[in-house]
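S.K.: Positions 101 to 196 (our numbering) are the ones given, in order, by the sequence shown.
FYI, nobody ran anything at the bench for these hints, they're computed from the structure. Just to be clear, a hint being listed does not mean it is correct.
[As the list claims (entries may be wrong)] If you anchor each label on the Cβ, the simulated ranges turn out as follows:
id, residue 1, residue 2, range
1, Pro135, Gly171, 16 to 22 Å
2, Arg196, Thr172, 16 to 22 Å
3, Pro113, Asp194, 21 to 27 Å
4, Thr172, Asp194, 33 to 39 Å
5, Asp189, Arg144, 30 to 36 Å
Since the model is a prediction, treat every value here as computed from it, not as a measurement. Every residue, glycine too, gets a C-beta built ideally from N, C-alpha and C.
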Amino acid sequence: MAVISITRFHADPAAAEQVRIRHAALVDAIRAAGPGLTEARLGRLDEETWVGVWRWDSAESLRAARQAAPGTPAAVAAFEVARDVTAEDIEILDER
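Could you put together the complete structure from these sequences and hints?
M.R.: As structure tokens, this is what we get:
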């Protein structure tokens, strides 16, 4: 079953461009490392609060990415500009 991972974090408003650049690089690196990430979106709730919404083809793909990504240059760079990071995973049970 598909899974949606929602990540919230804060970033300095002056780093907004770097947040976008580093998010894009992280998405590219995750996709290059293995299959499963089908959609990736980045949005901002206010000047400091950001939300990443990533859709995975399965919980297994998400787990594999979470095991492989930490410590990679793209992940380190992305999380250098983020603080107060929280994540929730939602198992999709019904889509219409």
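S.K.: Hints numbered earlier in the text: which of these fail when held up against the supplied structure?
M.R.: Of the numbered hints given earlier, those the structure breaks are 2, 3 and 5, listed in rising order.
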